[in-house]
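Chemist: If you want the building blocks of each chain, they are given just below.
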Amino acid sequence: MKNGVFAFIADVMTAMSNCSLYGKGHPAVLHLSEKARDVLEDLYNEGRFTISLLGDSVIINESPFPGRNLHMHAFIKKLRRSGIDKIAVTKGVTAAELKEFISELAASKGISGTYPHIVSGIIEVKLGDGGGADVSAVMSENVGRVKEVFQGVSRFKQLDMVGLEDIVVSFISTLRREQNILKVISPVKSYSEYTYAHNTNVAVLSIFQAESLGFKDDVLHDIGLAGLLHDVGKMFVAKEVLEKKDKLTGSEWEEMRKHPVYGARYLATLPDIPKYALVAAYEHHMKFNNSGYPETTRRSGDRQHIISQLNSISDFFDALRTDRPYRKSVELPSIIGLLTESSGRDFNPHLVKNFLRSVKGVTTALS
Amino acid sequence: MAEEQQEKLPLDAKLLADTVIELNISRRSVGFYPPEHPIIRDAIERAYQHLQKLFEIRNGITLGIAKDSLVVDEYILDRGNPVFREFASVLHARGIAAITFTSGLKQTELVKLHEFITSREGPMGKELAAKAEKEIAHVTLSPIDFNNFFFVEGAQRSSSSRGDIWEDYVYGLLEGKLFDGDGPGILSIPEEAVADAVNAMVSEETGEESYDRVITAYIRKKGESRMSSEAFTKFFSFVERLRPEIKRQFLTRTGMRLSEDISEVEAIISEMTSENFQKIAELLTAHESHIPTTLKNLVDKLTAIKQVKTSYFDFRGGSAAVVDDIELGDDVVKLFDEDNFHAYVNREYQKELELMLETKTKGNFNAYLYGKQCEEESIDHAAFEIMLELLCSDLVTLDDYRTIIAKLSDFVDIFIETGRFGEVLDMYNTLNAQIQHGKFGDEAATMIEQFFHSPEFIPKLIDAFRVWGRKERDGAVRLAAALRHLTATPLLEALIEEQDPSMRKFLISVLEAIGSDVVPLAAKRLNDSRWYVLRNMISLIRACDGKKEVDKVRTFVKHPNVEVSMEALRTLLHFRTADAGLHLRSGLQSESVDVRTGAIKLAGNFRVRDAVPYLIKIVEKRDLFGNESFFKKDALKALGEIGDGRAVDALLKIYQAKSLIYQAALEELKVEIFRNLTSYPFESVKKLIDLGLSSKNAEIQALSEKSLMAFLSSEEKEV
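So the protein lines, in turn, are chains A and B.
Residue numbering for the first sequence follows the working numbering, beginning at 1 and increasing consecutively.
Residue numbering for the second sequence follows the working numbering, beginning at 368 and increasing consecutively.
Just so you know, the hints here were simulated from the structure itself, not pulled from any lab data.
Remember, it's a predicted structure, so these values are computed and weren't measured experimentally.
Mixed in with the good hints, there may be bad ones.
Just so you have them, the derived chain A footprint on chain B, three or more residues with Cβ under 8 Å [as the list claims (entries may be wrong)]:
1) 454-468
2) 489-503
3) 736-746
4) 752-763
5) 777-785
6) 941-949
Derived SDA-like pairs: lysine to any residue, alpha-carbon spacing no greater than 20 Å straight-line [claimed, not checked]:
7) K1053/B x E1008/B
8) K258/A x D691/B
9) K493/B x R48/A
By construction, the Cβ of each residue, glycine as well, lies at the ideal position given by its N, Cα and C atoms.
Model the full structure from these sequences, guided by the hints.
Modeler: Right, here's the structure in full:
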């Protein structure tokens, strides 16, 4: 059963990748659909095969399915991106039907076609973020949850991805209730809480930017997760450096500069690599013009990924507006000016423009 | 909340907490150690004894599982307790919603239960519950009902039920009846809720110990070596909301408590943000008559320090600076200078900014591109590249290296399936570089051996080449060349069996890119009986510069299959062997139409001047039956490619010839002459071009103009 499910998912995902890379007309897509149809024969339970997503759980034929691999991980994402919680395939499905369905899934625009043997839909899930609760209370609780998850970060333990994903869901629903981003981002209540509040804020600001760019929910989710985890590498920086309230020495700063590598190293060794988070953790201190840190030679052909570009803006904005033991915070209009001046060199100019346009309502009200 | 439950909860909760801890320890032991190990025996014994004590109170105890929380009756066990979370998560991951232990339970049943829930491959959910029902009489597992599990969990988090718990918590805290560590924890309760409850429950007669309990709950959490500034801030926020008379009492008791450890208080306050500190300072100053002088002096001292912050940077190094962990370049740092900085807030600048923001970007092009970058393929690429970089980092340990390499191989599997050969090559090159210079060269070598040299890898790659090779040609060719020692033979085999001509062409081009490694392999296959195999192998020997195999190729010049013989002749011509001309001339005079046609083409392709007289002979041959026109056309083309002036007279003769029959064929030959003039010396064909320019045949006229222009332009270039 397990191998059959993996084989089915692998065929579907490979077909989808091929669809998006080479178009649905490529013979490999039909070939893989045929393979998937054949694999299904062994997976039917009373003539029906179902895959459901409930939170982070995958349910196959109404039983939880424990295994994960890269294909499964990508498949789950694809379903989320298409807004689908459940797919049910009944016996008799044809390769052509599967091929069309796969093509629609690959396009990530939802399922509009009708299929005699394939049904997809959503499962209603109640989100437990307190409904109409006060935004600052929700965010404050989220900072606490982030702290709890971060304190569990260790080379020898799994990251509580479920906990983090719940937090991101809460961010997205909070942002939809409260338009004023400045009300959503959390004030830092104590310096030792800074790391957690900062991660929370970077996640919220990045979701805010991505939503204004028109990204879909599932991508927002990944971007939020990447924001939350962008500084996860700091959990591996020597505590005396991380929590030092005085200015860092040269060698301490060198240690601090390693946190992107520490973060990527940690995330890369997790069983289910959160790829967006891995990229942001590694690249969030690189600049748009490829300077910054960590220094890299391999990727000279590649620019900082869009996720990291969004994160960099959020990181900069939140760091400057936050009061620290030995540093003044910067006023909002000045941060806007600095962002603008650095755009094109440190930051993607389109994203800076998008960010500033999105906060414009707030800044106008403040000025 | 019924008082009965309040009384019962602390008793049950302590025992229950210990029982869950013992259950989790025994579960871990069963997972780690072999059966019958003494550690398992001891752990099971302890868990068993705890459960027996619970059975003295109740016949059965049910633990509900809500994701990572344990629920008993309507109480959620401390969510912050990692043991509870772990035990709940393990059961949740196995698809279990509740577990019930009933009186009569045996130790062997506990071991079996742990085996069931720790097994990675065993059944889950309904199947696991059914298995447990059959095999464990005194433990009942209830599977998660996936139709309504999440609805149920949502209901558990409703605000009304939470309110009751908080009220109960504060009551238990004030009365000293709260089991230490039980309940949601005071810091997770909104300060206003605690204050409301305290305002309602506390009177002036309330004993000092009640105040102390609340103060202790806030400012020194269990297991923490020091107070936290968050707790400190929350505590004062709670105090601020109290009725004045209770507030006074709290501040007096708090002042006394804090004065006992003034250095720790200083440390906490120095960590606070100015804003939070300001609020506390105001509260304490307003009630300074109730707080000890030492605390008051400390607040005054810190108030002065907090106001002295001059820099926007954490530190500066040369012309650059650091804010938090962000490096700012000198250009940005300059902007922070006082004079420049104000420029950002003046009205004019604001206006400029407004204008800039009004300008909309054209269409959704960028949003579309950004969306593309967030697709699975793009993020896979970025993550993959970063993981390759990590392999080269000094900061990875051997364990990290092994884990990352294993994950990369999963990526590579996907890249092969989707024809992303460039990334596969990246992985191979990185590992190879690691073998030479890397920290874990042996690991890299092992990986190459186990992955790239595995029996499955090459067939999978060749299959992928068949599907994607033509579309991802560049990547495929580079990868095949890099893995030449692995790919040459299977690619050659694939080429031999390939039926599709375009695929054959692609495979040949890949093999050509591999180069000289292919030559001996191809030479070995020259004894194959199939003509197309021979043709392809000869072609490869030539393309891969296999001159040393030319003797073997020579034997095929007279091969009965013309495809083979021409391929052999082409190879001799390519390597300019001494006998190549001889074989070519023989071909030009062959009785075989195919051989002669092939030889004519080769003579032109290789511009063999020795062949010119033979080609002239072909074009001048009398053609009574019109059969030779086909050869003549090819010969004219070949002569044109060679461009030898000796042929011009023959060309003039054809141009000036008149025929009553086969007029159309003759006209075609004339046109062909003018298509192939540009390789001749200009002077030699000048007359022909003049004639062509005045020809009545429009095509000849146009071709003559074109040739003339070509000659003139090349002359200009020479000048």
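Chemist: Now look at each hint and say whether the structure bears it out.
Modeler: Taking the hints in turn, this is what the structure says about them:
no.: 1; hint: 454-468; verdict: holds (count 3)
no.: 2; hint: 489-503; verdict: holds (count 4)
no.: 3; hint: 736-746; verdict: holds (count 9)
no.: 4; hint: 752-763; verdict: holds (count 10)
no.: 5; hint: 777-785; verdict: holds (count 6)
no.: 6; hint: 941-949; verdict: violated (count 0)
no.: 7; hint: K1053/B x E1008/B; verdict: 17 Å, holds
no.: 8; hint: K258/A x D691/B; verdict: 14 Å, holds
no.: 9; hint: K493/B x R48/A; verdict: 18 Å, holds
Of the numbered hints listed earlier, the single one contradicted by the structure is hint 6.
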